[in-house]
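Quick mapping for you: the protein sequence lines, in order, are chains A and B. Quick note: the first sequence, position 11, residue 12 per the working numbering, numbers continuous. Quick note: the second sequence, position 81, residue 82 per the working numbering, numbers continuous.
Do not rely on the hints blindly, as some may be mistaken.
In this list, chains with the same sequence are indistinguishable; a pair is considered to hold if it fits within one copy or across any two.
[As the list claims (entries may be wrong)] Below, a list of computed lysine to aspartate or glutamate pairs in the EDC-like style, where the Cα atoms sit at most 20 Å apart:
#1 154 - 128
#2 158 - 181
#3 154 - 47
#4 154 - 96
#5 154 - 210
#6 158 - 182
#7 154 - 127
#8 158 - 208
#9 154 - 183
#10 154 - 181
#11 154 - 125
#12 154 - 202
#13 154 - 184
#14 158 - 125
Hints in this document: simulated from the structure, not taken from any laboratory.
Protein chains: 2
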Amino acid sequence: MTITTPLQPTARTSLRRSKERAATDRETLHDVLRDGMFCHLGVVVDDAPVVLPTAYGVDLDLGPDGTLYLHGSVAARSVVAAPEQTICVTVTHADGLVLARSAFHHSVNYRSAVIFGVPRLVTDPDEKLHGLNRIVDHLVPGRSSATRPPNRKELAKTSVLALSLTEASVKTRAGAANDDEEDLDLPYWTGVIPLRVVAEEPVTNPDCDLLVPGHIRTRANQLGAPS
Amino acid sequence: MTITTPLQPTARTSLRRSKERAATDRETLHDVLRDGMFCHLGVVVDDAPVVLPTAYGVDLDLGPDGTLYLHGSVAARSVVAAPEQTICVTVTHADGLVLARSAFHHSVNYRSAVIFGVPRLVTDPDEKLHGLNRIVDHLVPGRSSATRPPNRKELAKTSVLALSLTEASVKTRAGAANDDEEDLDLPYWTGVIPLRVVAEEPVTNPDCDLLVPGHIRTRANQLGAPS
Chain A
2 MTITTPLQPT
12 ARTSLRRSKE
22 RAATDRETLH
32 DVLRDGMFCH
42 LGVVVDDAPV
52 VLPTAYGVDL
62 DLGPDGTLYL
72 HGSVAARSVV
82 AAPEQTICVT
92 VTHADGLVLA
102 RSAFHHSVNY
112 RSAVIFGVPR
122 LVTDPDEKLH
132 GLNRIVDHLV
142 PGRSSATRPP
152 NRKELAKTSV
162 LALSLTEASV
172 KTRAGAANDD
182 EEDLDLPYWT
192 GVIPLRVVAE
202 EPVTNPDCDL
212 LVPGHIRTRA
222 NQLGAPS
Chain B
2 MTITTPLQPT
12 ARTSLRRSKE
22 RAATDRETLH
32 DVLRDGMFCH
42 LGVVVDDAPV
52 VLPTAYGVDL
62 DLGPDGTLYL
72 HGSVAARSVV
82 AAPEQTICVT
92 VTHADGLVLA
102 RSAFHHSVNY
112 RSAVIFGVPR
122 LVTDPDEKLH
132 GLNRIVDHLV
142 PGRSSATRPP
152 NRKELAKTSV
162 LALSLTEASV
172 KTRAGAANDD
182 EEDLDLPYWT
192 GVIPLRVVAE
202 EPVTNPDCDL
212 LVPGHIRTRA
222 NQLGAPS
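Chain A on its own, in the form it takes in the complex:
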């Protein structure tokens, strides 16, 4: 199922500048989430923002707008602080350095999704396991069924948060540098240095004598590792 409801703009997800960079369709949001591996989670702790990198998983079929899963140690400040308060989850792809003739028009090609909401602490054991599987499978599709699942003790040590993908904004920039008309003849090179995240050849643990399995090979190749 693909959700095609437009994103619902609120004051904080309506862009005030560069409105042409706002992509308000759900499909773009889903693409940014699908292509990302990590997010930056923002929470407020003692009145100050705390921004931490973390993994995430997605279930587009859960809830009216789809659900994003986060997890953490039950002792982690950020996760403990998160339920019952608004959090912000940002996923960013840096696609290129945009070098203009003028310093002012230097920019970055990127795709970013910003999601706001009050997360739900997942307490149902089945959904908790489902959320954790989504996170592991987001990093490497098929991985959750090629590992030992979490046991009761491990589940008890782990908090899982579910965040509805309702209030979100997506912003993208792509393409060449845009200089002002009067700068076009300046003697400075202008262009883009494309960037991407690539995988290298998987490294088997020294204590493991198994061959690299298909799901690992597939993921590494998909991320550009030499096959």
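On the provided structure of chain A, position chain B as indicated by the hints.
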């Protein structure tokens, strides 16, 4: 000059878990900042956290602990909200997916720096230009002197924030997956998929007939582009 003062741990920069992952020396902080291209800036707006990706620059010689520069449109919510309140700046490198035999011990190899502080709005025109040059040169060393510098109108449109690198924490994970003793014989592959950010061949703007200059070539090659 290299600052070797240890980072000053405060309540929010003292790690509560995985203390072995905390790197408390300034040199590691400087390395993480040097190797990063973008940060995630966290501010509190209307009691909610807002996390946005942005570029940054660094001047390790400015102030007792060095200075990080951020910039933005004077109309940007995040930058306008930032002076006189605590912000959080996080720089993250994702170095690898750590696939353990147990789902629970899945992890990520990474290096991240988290900096807290109340930023100073830069009003001195010389420092403002200096901060902007540091940001441009952080992305591509030498770039600020190969562009048209910002004019007065452009400077007026741009806010520059200076954040002291005083209150910071660095956390890193590297190496193989660590499973529990009792899981070592499970029939699941375990290892790491290394990740890195690479540049591709620079793309000259269609409206530019200059050759790719040395500073662009050097930066692209340093980021792994084929030479």
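Taking the hints in turn, this is what the structure says about them:
1. 154 - 128: Result: close within a single copy only, 16 Å intra versus 54 Å inter.
2. 158 - 181: For residue 158 and residue 181, the Cα distance is within 20 Å only across copies (15 Å; inside one copy 56 Å).
3. 154 - 47: neither (30 Å within a copy, 39 Å between copies)
4. 154 - 96: neither (41 Å within a copy, 29 Å between copies)
5. 154 - 210: Answer is neither: 28 Å inside a copy and 64 Å across each miss the 20 Å cutoff.
6. 158 - 182: Between. Shortest inter-copy distance 18 Å satisfies the 20 Å Cα cut-off; intra-copy 59 Å does not.
7. 154 - 127: within (15 Å within a copy, 58 Å between copies)
8. 158 - 208: Neither, since 26 Å and 57 Å both go past 20 Å.
9. 154 - 183: Between copies only: 14 Å across, 66 Å inside.
10. 154 - 181: Classified as between: cross-chain Cα gap 13 Å, same-chain 61 Å, threshold 20 Å.
11. 154 - 125: The answer is within: 15 Å in one copy meets 20 Å, while 57 Å across copies does not.
12. 154 - 202: neither (34 Å within a copy, 49 Å between copies)
13. 154 - 184: between (64 Å within a copy, 15 Å between copies)
14. 158 - 125: Within. Shortest intra-copy distance 14 Å satisfies the 20 Å Cα cut-off; inter-copy 51 Å does not.
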